[in-house]
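So the protein sequences, as listed, match chains A and B.
Be aware that the first sequence starts at 1, since it is given in the working numbering, and climbs by one per residue.
Be aware that the second sequence starts at 1, since it is given in the working numbering, and climbs by one per residue.
It is worth saying that the hints were derived from the structure and are not from the lab.
Bear in mind the structure is a predicted one, so any value in this text is a computation, not a measurement.
Ideal Cβ placement from N, Cα and C applies to all residues, glycine included.
Be aware that a few hints might be false.
[What the hints assert, rightly or not] In silico contact screen, one side only, chain B against chain A (beta carbon under 8 Å); selected entries:
no.	residue
1	Val-158
2	Gln-164
3	Ala-166
4	Asp-222
5	Ala-297
[Claimed, not checked] Some residues of chain B that are not near chain A, with every Cβ distance over 10 Å (derived):
no.	residue
6	Arg-165
7	Thr-220
8	Glu-252
9	Arg-277
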Amino acid sequence: MLVRIDPSSTAPLFEQVAASLRRALTDGSPAPGEQLPPARELAAALEINVHTVLRAYALLRDEGLIDLRRRRGAVVLGGASSRARLVELATELVREAKRADVGLEELTGLLKERYS
Amino acid sequence: MTKLIRVLAATVVLPGAALAVTTVLVNAWWDRLPDPIAVHWSSEPDRAGARGLLVGASLILGGVLTVAFATFTVIALRRGRPLPRVGVGLGAGFAAMPPAVLLAVLVPNLDAPDWHAATGSGVTVLVMAGVTVLGVVAAFTGGLPGPVPASAEARPSVGLEPGQRAYWSGRAENRAMLWSFALAPLAIAVVPSGSQWLWVAVLVAIAELLTALTYRVTATVDATGVTIRFGVLGFPRRHIELDAIREATARELTTFGDGGLGIRVNPVSGTTAYKVRGGPALALVLESGRTVLVSVADPETGAGLVNDLIAQRITRID
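Starting from the given sequences, assemble the full structure and let the hints guide the process.
Set out below in structure tokens:
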């Protein structure tokens, strides 16, 4: 599991951390049931604030990729790999839509049409 | 032929062969030698010594010198130091000298009724010529002039840009190892061993504790270096500073290679292996010449990050 950040990038650090972890989950490492590194350890290694890491973990939890437990830390959920891939594709889709000046309603319509 | 085999051939096989040949000849000639035997000549024998003492001391000294010289050269090789041909040749010749001198002494004593009658010490020239040839062969076999070059394998990289920060974590575990020890109490209950139950319970508890401590290994890489942790508690733990690492690569290990599973230290090859299974492993070549192997998943990425951090540290201005 490789977590990489670029402090000079315009993207917020917590999003960079979350994106790296999402990519790792897409590759299947760590596997469901395994833990992500403790927030404190990851923050120290990347020389960032621990709350930045916790915010990234909270984002991944909201995406249904991990579970945050008081004693066990951040645990990868079943199906995290395919779900992380889906989130990555959705992010890419939204980025492309914005670049092509396609609005939310039009994009939603497009998705509904393809989904049915 | 690898460098280690060349060095061992020059420092162990050649002097060892001289020692072995001498031992065989001494054994064959034992009944044909007087006791005491002549050990020094001027125009005729002028000094004698006890046969057993001379033979024993010479063979033991030859063995000790061979082992000491081989150990010295292997350590030098492991640390990446050059092995000059002259040094290797002189060392091998010096190690072969005690059995050679013994031969030079014994041949004139052969079939002599007593040590005063021992003649024909011209064999010394032949024996010394043999030692010289042995030294020259050893010099060209095991001499490695110039520093040992770094491995020519391509160094993995994850493309870490200047200013970027990164963290990598990889791990491996051996559940079969865990289960085999977990089932130990059942096996002991089924198979009557005749031992006292208390001792059996203590032994099983120790075995299961050791298994819990060692069935999993984790390696993490960050700007400070590489940290290796064993078991569920993360102990034993070893941290290797980035400054102490020369380069990192990924390597494929066999289950029983490098001494088997667990923490294995090989003083000859300079390898320390942290293994819970065979397969892919992170290989760290240290500045000291030692190698550290850690059996973890996706070692290419970990090795790439180590190499990039080393390069970053070299070019970084703090």
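Hint by hint, here is what the structure shows:
1. Val-158: holds, 6 Å
2. Gln-164: With Cβ-Cβ at 5 Å, under 8 Å, it holds.
3. Ala-166: Hint holds; B/Ala-166 Cβ to chain A Cβ min 4 Å, cut 8 Å.
4. Asp-222: Holds - the Cβ of B/Asp-222 comes within 8 Å of chain A, reaching about 4 Å at its closest.
5. Ala-297: holds, 6 Å
6. Arg-165: violated, 5 Å
7. Thr-220: violated, 7 Å
8. Glu-252: B/Glu-252 clear of chain A: closest Cβ-Cβ about 18 Å, beyond 10 Å.
9. Arg-277: holds, 16 Å
Checked against the numbered hints listed earlier, the structure breaks hints 6 and 7; every other hint is satisfied.
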